[in-house]
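**Q** Chains as they are written, first to last, in my numbering: chain B, 1 to 383; chain Y, 1 to 121.
Simulated from the structure, these hints should not be mistaken for laboratory data. Treat the numbers as computed from the prediction; the structure is a model and nothing was measured. Please note that the accuracy of each hint is not assured.
[As the list claims (entries may be wrong)] Stretch-level coverage of chain Y by chain B, calculated; a stretch enters the list once three of its residues show a Cβ under 8 Å from a Cβ in chain B: (1) 11-21; (2) 36-45; (3) 61-72; (4) 82-96.
Glycine included, every Cβ here is placed at the ideal spot set by N, Cα and C.
Residues per chain, in single letters:
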Amino acid sequence: MPVGPFGIDPLIWAPLRLVIAVGLALFLVLNGALLQIYLERKIQAIIQDRLGPYHVGPFGLLQTFADALKLISKEDVRAAATDGWFFVAAPALVFCPMLASWAVLPFAKDIVGTNLNIGLLYLTTLGSMTVLGIVIAGWASNNKYALVGGLRSAGQLISYEIPQILALVSVALVVGSLSMIDITRSQTGPFVNVLILPFSFLIYFIAALAETNRTPFDLPEAESELVAGWLTEYSGMRWGTMLALSEYGNVTVVCAIVTTLWFGGWQGPGVDAIPLLGVLWFTLKVYAFIVVMMWIRATLPRLRIDQLMSFCWKGLIPMALVNIVAVATLALAFPNTLVPIAIANWLLVVVFVAGIPFFQRRRLATLRARARASATPAVRAAS
Amino acid sequence: MPDYSLSYVYVFAFFVVGAIFVTLLLTLSRLVAPRKATKEKLRTYESGEEPTGQAWGRYPTHFYVFALLFVVFDVEVIFLFPWAVLFRSLGVAGLVEVIVFIGILVVGLYYAWKKDALNWY
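Next comes chain B alone, as it looks inside the complex (with noise of 0.2 Å):
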């Protein structure tokens, strides 16, 4: 009788499989409503100087749960101007691909829902159809807020997908397969992915705080303008389900891709010993970037949207498109070592970051030399 993992016969082994990953990801994404919630109000108060949440439970720890409690009860207002079917869709529409993200994404050594060859192209598509809920959710509120958060929204991820696209093709470039599995394997040991590609790290870390809608990227929910951009028709459990499931599930997905292209996903000390193990390197290395993108939101101020636009496609697309053709470049240069494509991803980072002030006071001598040209003459005469 062949023996699969954990000593499972594998024909039991192929569902059970399936049944794991469902519901870790669910877990995961459960969590990541009440958990990151918390975390999130939490790291901002200690970055604040304040206390945050600590009445309910031990630290607040049960603020979430009595907040979900409470949303599950409130009533369902549908304004009578909305489009109905698409009005309702829009959540499932934004929740289904961000859970099956979770299909490819490997937990641990065989726990994963399914091995899929073309693992990166999959997830980017799933990463695509975010865009599409979001859209209809603004337009299907038929209010103006949700309109023009929807539509912000829509620029902002289809532009910020391409870089974030690109930096996944320099992965593949360097790795070789597309299969999240055989990207986990390619790092074992300490050399993992970010030592040798740090610039497309940089790059897709960047436009995934675009993509998820977090500060200083969150545009189509800038509530001093917008009210709540694209949610604000919505309440009660429907709000839940688009906002705490979906957009903090998203975040943990994007913060899951990261830790399994460039930070060796599951691996970690003690994973060959006992595999199970490699679930709580996993979600430790995932929960840490989550920080990190807390941490962002509680420092740097929120972009105007021309700044964002020309950030994206003047900065971040030109810039990619050379780590890529550098990365295949020196990789048929150089058949056996990775370390001319370190070395040349690590000056890219440095280029890019030392450039960033150089053209931001380039940008501002032009933007101000075209409002003197349109100022009135009084004007241009006092300043």
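Got chain B; can you put chain Y on it based on the hints?
**A** Chain Y alone, transformed into the frame defined by chain B:
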């Protein structure tokens, strides 16, 4: 059943579970939550003002320009993925072809840049 079609069954199962999960949550909320709709409650939210007209109107054309550029570059990326997997066996010829391919698109991006299509006023 071949292994690769089985993996799509798994993917499909994830979608089904997602749909069921959302439906369950919304049904639970429907059973528990009160439903007392009034005319005022069902009005579109516009910061307390009387809503005038519908929201389904015209919107800035910037979005069209970026959507067109997106289509071009997204299709480019789809072509880059198979090359990225096979590029070691395609060798120098494959690399040169891809550089020409990227080059054409970079010329397009440069044109859009000079035409002021990437600026948002």
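**Q** Out of the numbered hints, which ones does the structure contradict?
**A** The structure breaks none of the hints.
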